[in-house]
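If you're matching them up, the sequences are chains A and B in order. The first sequence maps to residues 0 to 198 in numbering that gives the first Met the number 0. The second sequence maps to residues 0 to 198 in numbering that gives the first Met the number 0.
It should be emphasised that the hints constitute simulated quantities derived from the structure, not laboratory data. These numbers come from a predicted model, not from an experiment. One or more hints might be untrue.
Same chains, same names: a pair is fine if it fits in one copy or spans any two.
[To be verified] Mimicking DSSO-like on lysine-lysine, the simulated pairs with C-alpha atoms at most 27 Å apart in a straight line are:
| # | residue 1 | residue 2 |
| --- | --- | --- |
| 1 | Lys96 | Lys23 |
| 2 | Lys53 | Lys23 |
| 3 | Lys137 | Lys53 |
| 4 | Lys53 | Lys96 |
| 5 | Lys190 | Lys96 |
| 6 | Lys190 | Lys53 |
| 7 | Lys23 | Lys137 |
| 8 | Lys158 | Lys23 |
| 9 | Lys51 | Lys161 |
| 10 | Lys161 | Lys137 |
Number of protein chains: 2
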Amino acid sequence: MGDYAEPIERLIDEFRRFPGIGAKGAQRMAYIVLRRSREDAERLRRAIADVKDKIRTCSRCNNFSDSDPCRYCSSPTRSPEVICVVEEPRDILAVEKTREYHGQYHVLHGALSPINGVGPADLMIGNLLERLREGVAKEIILATNPNVEGEATAIYLAKLLKPIGVRVSRIALGVPVGSDLEYADEMTMSKALEHRHEM
Amino acid sequence: MGDYAEPIERLIDEFRRFPGIGAKGAQRMAYIVLRRSREDAERLRRAIADVKDKIRTCSRCNNFSDSDPCRYCSSPTRSPEVICVVEEPRDILAVEKTREYHGQYHVLHGALSPINGVGPADLMIGNLLERLREGVAKEIILATNPNVEGEATAIYLAKLLKPIGVRVSRIALGVPVGSDLEYADEMTMSKALEHRHEM
């Protein structure tokens with residue numbers, strides 16, 4: 000017999016399947032479900048079902064959305080002349096938090112990673128090209144992550160998109176605001192120097 | 000409008016209700032549910048339902064169990080003469096891991112905490128007294144946590160149970176095996192000195 004009764008064991012296993020949740024965390028979560036009311040458990044089950052039932056990807060930008068086109072693609076206040084390209088839907092939130100971007104988005108759902116077998120065909124680039132063919136977008140901002148995969152993806156996309164005649168830009172890599180130069184790693188510091196601008 | 004589509008927002012909220020899961024963690028989990036197959040989501044929902052449908056507390060020892068009495072209370076190989084008292088069902092696992100305890104258990108489902116308004120009436124002490132009235136148990140091992148609440152609970156139970164004529168013992172508090180004395184806090188070190196034993 001296992002350490003737990005079978006249904007508990009199974010719920011712990013399900014929680015463990017989330018990256019970042021270890022044995023202890025999954026056990027704690029299962030016990031919380033046990034301890035809480037049946038209504039609480041039903042609300043969690045309903046939320047899981049609804050997310051699978053009601054959320055689709057936007058056919059224009061691939062963002063997770065309960066409408067198609069999504070709120071950003073259909074908003075009359077968002078300029079279709081600028082498209083910010085991100086790796087994941089959650090990255091949109093990071094850009095939105097600035098409250099300074101009023102263009103549209105495009106979600107690649109990944110980044111190039113030859114080591115993990117992720118090539119251009121695995122990214123949502125096809126419908127980005129379709130959008131550009133409409134001739135409305137004038138600038139593409141590449142906001143992929145500032146790591147090896149994100150940089151490789153940005154370089155690939157820049158090469159692919161510039162010949163179309165659209166302006167392609169990359170978000171600045173440099174020292175974070177409020178940080179201490181003393182603790183900046185050499186890669187970041189080197190990018191900060193390389194991309195210095197006149198004042 | 001919120002940051003996310005409503006069903007996503009709601010699932011993030013549900014995940015956030017687990018202690019120890021913050022905004023970022025809950026967001027990550029919701030996106031994992033979105034990204035995984037519908038079958039994966041259904042399996043998680045099934046596991047939550049089964050844990051609520053099939054798991055009850057054992058009427059003898061209050062452990063979470065899919066049978067009543069639970070596996071420990073009904074096992075012919077576990078001695079009913081010793082009862083190890085713990086705060087939570089998960090604490091049973093910590094004792095079981097030693098593979099050296101072959102008695103039964105009793106789960107209090109909490110510890111005395113006047114600050115949080117938890118008094119003796121909030122703990123599962125009633126059916127412990129009932130078990131002792133059967134006259135089979137000869138020793139009670141108090142394995143509540145080695146903190147203020149656990150100690151207070153152990154002291155309270157010792158005073159309550161000793162007059163019944165049962166032997167009452169407390170797990171040893173001391174320096175952990177494999178640790179370095181240099182890093183032992185003074186409370187632990189003081190307990191380790193106090194509970195020293197002849198060699």
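Hint by hint, here is what the structure shows:
In this homomeric assembly, Lys96 and Lys23 come within 27 Å of each other (Cα to Cα) only across copies, at 14 Å, whereas the closest approach inside a single copy is 33 Å. With identical chains, the CA atoms of Lys53 and Lys23 are at most 27 Å apart between copies only, with a shortest distance of 22 Å across copies and 32 Å within one. Taking identical chains as interchangeable, the C-alpha atoms of Lys137 and Lys53 are never at most 27 Å apart, the minima being 33 Å within one chain and 59 Å between chains. Within a single copy, Lys53 and Lys96 get their C-alpha atoms as close as 25 Å, which meets the 27 Å cut-off; across copies the closest is 44 Å, which misses it.
For the identical chains of this complex, Lys190 and Lys96 are intra-copy neighbours only, at 24 Å inside a copy versus 51 Å across copies, given an alpha-carbon limit of 27 Å. Taking the closest pair of Cα atoms, Lys190 and Lys53 never come within 27 Å of each other, the shortest separation being 42 Å inside a single copy and 57 Å across copies. Taking CA atoms no more than 27 Å apart as the test, Lys23 paired with Lys137 passes in neither setting, with 50 Å inside one copy and 33 Å between copies. Taking the closest pair of Cα atoms, Lys158 and Lys23 never come within 27 Å of each other, the shortest separation being 47 Å inside a single copy and 34 Å across copies.
For a Cα distance limit of 27 Å, the shortest separation of Lys51 from Lys161 qualifies neither inside one copy, at 37 Å, nor across copies, at 57 Å. Taking the shortest Cα distances, Lys161 and Lys137 sit within 27 Å of each other inside one copy (11 Å), while across copies they are farther apart (83 Å).
Violated hints, listed in ascending order, are 3, 6, 7, 8, 9; each of the other numbered hints is respected by the structure.
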